[in-house]
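Novice: This is what each chain is made of:
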Amino acid sequence: MGLITILMLVLLAGAILSLLTKTTAQARGVALVSSFGALAIAILMYLMYDANFNTVTHYAFEESGTWMPSIGIGYHVGVDGISLPMVILATIVCAFCTIFSWTESKRPNQFFALLLLMDLTLIGVFVSLDFFMFYVFWELTLLPMFFLIGIWGGPRKDYSAIKFLIYTHIASVLMMLGIFALYYFYGASTGIFTFDIPTLINAYKDGLLPISQFWLDFIFVTIMFGFMVKMPSVPFHTWLPDAHVEAPTIGSIILAGVLLKMGGYGLFRVLLPMMGVASTWFIYLIALFGLVSILYSPFAALAQKDLKKLVAFSSIGHMGFISLGVAASVLAGMDPARVVAHTGAMFQMFSHGIITCVLFGCCGVIEHHTHTRIIDDLGGLTKKMPKLAILMIAGFFASLGLPLCSGFVAEFGILSGSYHTMPIFVILAAISIPFTAGYHLWAVQRTMFGPYNEYLGDVKEIKWFEFLPLAVWTIIFVILGIYPEPIIGMMQTTAEYFLLSGDVLPIGGIHVAAGGAFPW
Amino acid sequence: MVDYTALLPIGIVIATAVIVLLTGLFIEQKKILGYITLVGLLTSLGLVLKGWDLNVAFDSAPFYGAIVVDPFAQIFNAMFLIVGVLVAIAALKAYGDNPRQDEFYSMMLLATVGMMVVAMSKDLLALFIGFELASIATYAMAGFDKRDPKSIEAALKYFLIGGLSSSLMVFGISYIYGLTGSTNIDTIASVFGANPGLATTPAILLAMVMLIAGFGFKMAFVPFHMWAPDTYEGAPSIVSALLAAGSKKMGFAAAFRIFIVGLIAMKVDWYIAFMILAVLTMTVGNILAVVQTSVKRMLAYSSIAHAGYIAVVFVVVAYDPAPGVAVIHAMTGGLMHAFSHAIGKAAAFIAVAAIAYMILSKDGKVDDPNHVSNYDGLAKRAPMTAFLFALLLCSLAGIPPLFGFTSKFVLFLSTIEAGLVGLAIICVLNSALSVYYYAKVVMRMYWGEPKGEAFVESSTYTFVLAIAVIALIVLFMPLPGMVSPGDLVYQWAEVAAHAVTGV
Amino acid sequence: MMDPNLTTIDFRLYAHWIVLLPMIGFLLELLIGKYTWRKGGMFATLSILGSMIISYGCLYNVYVQELGFWEYSWDWFYPGIVAGFTIDPLSLAMLCMVSFISFFIHFYAIGYMSHDCAKNVYFAETALFTGSMFGLVLSNNLLQLFIFWEMVGVCSYLLIGFWWHKPEAAAAGKKAWMSCAVGDCLFLLGIAMMYTIMVKQGITTEIISFNNIFQNLEHLSHETIFGMSALTIICILFMCGVLGKSAGFPLHVWIPDAMEGPTTVSALIHAATMVTAGVYLIARAFPIFLAAPNALMIVAFMGAFTALYASTLGLVVNDLKRIFAYSTISQLGYMIAILGCGAVLGVAAVAYAIFHLVAHAFFKALLFLSSGSVLHGIGNIRDIKEMGGLLKGMPWTGYAMLAGALALIAFPFTAGYYSKDRIIEDAYIYATNGGDLGYMVWIFLVLGVILTATYTFRAWYLAMTGEPRSYPAIRPHECGFWMKTTLVVLSVFALGLGIMTGGGVKFWHFLEETFVHETQTASGVYPGLDLHEIGLLGGNTLMQHGAHPPQWVIYLPLLLMIAGLAIATTVYYKNRIDVSKYVKKDNPLYQILWNKYYLDYLFKDIIAEKIIMTVFTFWDVLDRYVIDGVVNLLSWITIQAGQVGRKLQTGVVQNYATAVIFGVSMLMILVIMFRGGL
Amino acid sequence: MIPLQYYLLLAGILFAIGAYGIMTLSNGIRLLMCVELMLNAANLNLVAFSTHINDVSGQVFALFSIALAAAEAAVGFAIILMVYRLRTEIDIENVKLLRW
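Residue numbers (the numbering used here), protein chains in the order written: chain A, 1 to 520; chain B, 1 to 503; chain C, 1 to 678; chain D, 1 to 100.
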């Protein structure tokens, strides 16, 4: 039994145990052990990545088992430069979410169990190398989030929860049809019926499927739709703001931090290799989705009264950069730039995952302490909670793409890597930057600065268990902004493998002739 | 010398029925009968599972080739027996202190016998007999609560429409008999094969449509479904479980045999018919389920929708361009889905019974214990039941990690393989819509405001639900180092599919 | 003279500590500064001092020991993106100036901010501010420069809004950021373009380091974007960034509001750490501009126009700090203009611009600090109409300000005299054999001189001489030790820098080596860089040395300065002429100047509030009712269909039977239909 | 010897009458009779066919179906009796607690 299975079992066991507990303390204890155990395992995987890297399949920690062999469903997991960062992201976010919800008193056992289940299902999506398994986890992510929104949610939780459930479910069932077609045509042509992701994707990529363009495009479009709704990309985004507004803080953090990344992950894992074979204009369609989201989000965000909704729209814009980068990285062009675009897009997933945690965390803290999220009711909070002010300013600046925060590294990579293939798109995307800066600054100014709004009464300073996770996340994105190599190197290698067809450099193998180690 | 051991299962059930009926006349402490029933059913089930891949045709006396024991029959037998077991256990609680419980058990056993006969029959006569046996027994069971006007009304509607449809069926059969000169399904098929012109005569067309109507009544296809919601709602819940899970599947067993084996020669015609019926059934079922306020009635409509999904099998099988693998996957998926739906729906109705029982015993007189408003905060009042019920609804909605997902997965897979994109999209959209009304119940249960203090949960009911849920989960899950049990069911259904479709 | 044992140390190896020390200072201040000496300020000041020592050590290595220039870099995140440091005359000049000024501003702030409660935060931010500026100056590639460029912007945002509880302060910070953001996004776009065309050349290492770019200008000049020369577009985009940061027209609007911050911050921003960044960028990227057709012409014109434009605004403002703010804008205009003249003058232009930048840094810091001392002395009154006669109350401050003012108006033998007059003379040379706009540039600059003299001394006379016009102005109290010291030191340099550097000549010669290293070999930072050839790429023929403008051109600025001084004296000191009948609200010219040419009105009221807000509202409606409306409509339709459909279930069994019969007949008909009749 | 068509026609007519009755009538007993009528139409078909093609199984089928019809009728009458007990009338039209 490999590390990945152990990782998932740890979380599953934790979920079941904490469901059986009675008090907050017990449930929290179980959750802490389990989630930080998962984090430890993830970090262990990161450290042992090179050693366990299979240079034939280009996956590490690969495990295969039988599930339903008669129809070609197998238990197949493994990680590579795309999925391992996502696994680390999921574990980091969920682990510190358990600390963040230290004093959760409403149905604590269910709460922490759902938290761990959320972690489990998300990791499952990222490690699955079998379409059935992938789809199962993809669907399973809906349930914990549905309950998190529903039980701990705000006033309109029924509407939001059901909307979230149905909307994303429709997307995924359509995606299922694409998977069916892929499965069938591969089986029909080779006689081997299997849901194995690498096999099917490679077959599609290498044009081994003797099928009409209609079916190629059908497969592509259905799967793309599934991912675009999950990302979410305008105009399929309307479930997101509602879900965020009603979800509890933890729900929002996980939703924006990790759950949205499923869509982006799918783009890299499934869609990107296919792009060459399906009609070319789909690439531009994806890029267009990205661009529309990028341009849409700041305008929509500035119109919001609710701080959390504003942040929700900001994440729509940031996810748009991923689509843009992916699309640009597959268009024929200069290889270094393509690799940079691809790497940047991958890194954007990770960095936005961390940054948005801080943003939603701050929203949660503000709501928890002032009992309102309406921007106009806030103001001058720096007076009462200076620690929070520092964190929130850091988070918002990182989110608007400030250098020396991870977001800038990613977006610079995407913009400069995409320019040579789609200049117009990049120029338009760059134009959105001031507007993005605008609404972030506006929000910070209206909530943190100016005279203190006395109606809020005596607001207490941020609690330690709220401060700690936010601080850790902040430190992470700052460090990654200054020295992103630990994450980027891995992505870089995978990107070169994906884009430059096979020749793989050693991990972190970006190299420039000049220069060397840092001269301390 | 023919080996009759293959008939042992049904024989045991018949014997149990007789025993229960007769002993019931004499003894006072009747609860024992329930256990006898249970033992009989379980033994029979064990035998069925043991000989799951039997393939015995009794071509000589005394059955004149009317009865066959093949994997197809066996898998349906297994379904009926499992449903029977679930219902029997539930009945121990529901009718544990009812003086007439012996009648209930014997009728339930006889209904099971009828269903098994239908599943095993290769002759229209035997099929008709089994059909009527099951129907008549269930008519009576639907009205088992004599004092409850709803129960009586349910029985009345069920009976009248049932009579109408069985007469339609016999009428159709009579024409087929007249044109082919035989009631044996294989013979009919061969006659059609011999002279293709026969398949195009208007008479045979009329017969076909009437047969569709006759079985469509049991399978509750729209527009032959209208009795179903009323009956399922009005009848005692565990009887509804038997109806929705058992006798509905009996309709499918019969329809598979007759159309896919007997009338395969005229598939171009019933392809159209079933295409329309399937789409109509799943859509209407789902849309009407959305607006129901009684959980029991919602389940009734959802089982109509599920009938629509399973009807996809006919469409794919009859669709000419469909490749062999699609046909096999369709048939297999249909059987698997029938299987998962049988367990899930039976258990769901039993859960409704359990909840209604708890509500009535605690909150006293409420006008409709099945009204969804009574489910508010059930997770607090009866956590175990609520949890299991929610999982069952997941299975019905086709959401992992339960077997309902796997079966639906395979079933819909076949539509794409056959190239019926439109149908596939309609199916998945319906399935997505169905999530809505299941989720609404879950929402009520988990974040509605509780109306009263906690219930004492009946261990028996919880036990039934627990087995059902555990079974569904185990069938889904992968197990380390071995193929998942679900795969065994798949293989079983696949063998059955090969046997029926002959692909 | 330097301590001899330093001669053995090669400071260039520790250049990264110039950046790192202030960052460490920032962290220490932020975390534990509150609990240290005077509740903060120690770490920041000491770290800046450390940076200063290393900077001057490097200067010593390069200028005295002539150890040669220096550059090193190491890998960063993406392939070909490196982090690196350059030590050459250009960066050294900036480093020494920034560290010196910034150190003394910190020194001053210890006294000035002593009463502020969040002192440690202030010093943390200023330390970060200075450190970022060091990083910007030292960086050897565009991306690193841009990163620190943005960091500088952040710090300015935080510091301008340092008194966050004042809404206008917070708003001013936001405005500063937004004006810069407009330029910065274009700057970033330019970098992306540069990256792309460099990669297109097959460059894989140090892709956007200045050195690599300069070496490849030959090929890059053939690249086109949308049919135009790529380099020109890139330079224009860079120029947008410069306009944002260096407060060029029309993105200068944030500078006056930025006065909401503490005065020391204004001093930092205007003298040392922020606005000079733009000028530095053009100087650093000078070869690119040179190789790009028409780019320098645009630079020259924008600079000259800004210079004149801002000095007209300076005439009517009554806020002491704002007057100096406008003077900053106009002086930056001079620097940018002379850089533009580089199209003819070549590297000399860079030398002149940087020299003026340094001189300006000294006297502008002096002016701001002295005005800060004024505010400190009379309780934060900034309106010169309420001051008067302060010279008696605070002589140190008054004479310090006088020194700064004299330097600003280029009074003979002050620092400004050597730097600015040289600029104007060479602008004339540019005009004679430069582009078509040449004369206009020169005329703008010349007119700027007289206005500068006028508004500067208007401010000084109104503030320092005459009778006190408000209660607090009657008894101003002189500033304390920390501030006094700083004022004295700065005054010395403001007056004496020109003479120290031999009228700037030494400075110029030293700085010209940046791009023209006497041995055109690999020893320099930019080996084998020949500006003449590069100039030809952009169609700029550099003039050889030795051209001298006619005598009248050399004396003209001096005369005009005296004229301006005379006007100010007659009007505001001798009060011979009463200008109040011109300075009236009904005077249209006055109106225009008073409203800053309605530029703020255009940006803020029209664009920001009217147009964009309308768009946002529309967007919200679109999102809520159109895109989301479709989703909700679908669910509504479904439920309504259900409500209608359930009514068919009448409960009467005959109807059910009817339905069955109906179904049979319908099926019959349909089947027959589909099979095409019987 | 009466040709087959007549039997079929008669059976068809009977069947139609029964169907019409079920759709229109509202008395429980009558409905039951209509169902029987339809069943018997089917039986008539069977017998006619079996004599037409000299095959006995049709008549066997008919016998079985008669028997089953009897059983069905028994249950049916029981149910209708229940209805009568509960509401002292067997007008089916008013039996509509369960609907929508």
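Simulated from the structure, these hints should not be mistaken for laboratory data.
Since this is a predicted model, take the numbers as computed values, not measurements.
Misleading hints may appear alongside valid ones.
Label-pair restraints from in silico Cβ distances [claimed, not checked]:
id, chain 1, residue 1, chain 2, residue 2, range
1, A, Thr190, C, Ile639, 21 to 29 Å
2, C, Tyr35, A, Thr103, 26 to 34 Å
3, B, Asn55, A, Asn202, 36 to 44 Å
4, C, Thr650, B, Leu42, 24 to 32 Å
5, A, Ser64, C, Thr650, 55 to 63 Å
6, A, Gly457, C, Thr614, 51 to 59 Å
7, C, Tyr35, A, Ile479, 21 to 29 Å
8, B, Ile473, A, Ile6, 51 to 59 Å
9, A, Thr57, B, Lys50, 37 to 45 Å
10, A, Tyr284, B, Ile473, 41 to 49 Å
11, C, His477, A, Pro451, 38 to 46 Å
Here a beta-carbon is modelled for each residue, glycine too, at the ideal position from N, C-alpha and C.
Novice: Can you let me know if the beta-carbon spacing of C/Tyr35 and A/Thr103 is within 26 to 34 Å?
Specialist: At 30 Å between Cβs, range holds.
Novice: Is the gap between the beta carbons of A/Tyr284 and B/Ile473 within 41 to 49 Å?
Specialist: holds (45 Å)
Novice: Has the hinted range 24 to 32 Å been met by the Cβ atoms of C/Thr650 and B/Leu42?
Specialist: Given range 24 to 32 Å: violated, Cβ gap about 43 Å.
Novice: Falls inside 55 to 63 Å, the C-beta gap from A/Ser64 to C/Thr650?
Specialist: holds (58 Å)
Novice: Lying within 36 to 44 Å: is that true of the beta-carbon distance B/Asn55 to A/Asn202?
Specialist: Cβ of B/Asn55 to Cβ of A/Asn202: about 41 Å, so the range 36 to 44 Å holds.
Novice: Do the Cβ positions of A/Thr57 and B/Lys50 conform to the proposed distance bound of 37 to 45 Å?
Specialist: holds (42 Å)
Novice: Confirm or reject the claim that A/Thr190 and C/Ile639 have a C-beta distance inside 21 to 29 Å.
Specialist: violated (46 Å)
Novice: Within 51 to 59 Å: is that where the Cβ-Cβ distance between B/Ile473 and A/Ile6 falls?
Specialist: Given range 51 to 59 Å: violated, Cβ gap about 21 Å.
Novice: A range of 38 to 46 Å was offered for this pair. Does it hold for the Cβ distance of C/His477 and A/Pro451?
Specialist: Given about 30 Å between the Cβ atoms, the range is violated.
Novice: Quick one: are C/Tyr35 and A/Ile479 within 21 to 29 Å, going by C-beta?
Specialist: holds (26 Å)
Novice: Do the beta carbons of A/Gly457 and C/Thr614 sit within 51 to 59 Å of each other?
Specialist: For A/Gly457 and C/Thr614 the Cβ distance comes to about 36 Å; the hint is violated.
When each numbered hint is compared with the structure, violations occur for hints 1, 4, 6, 8, 11.
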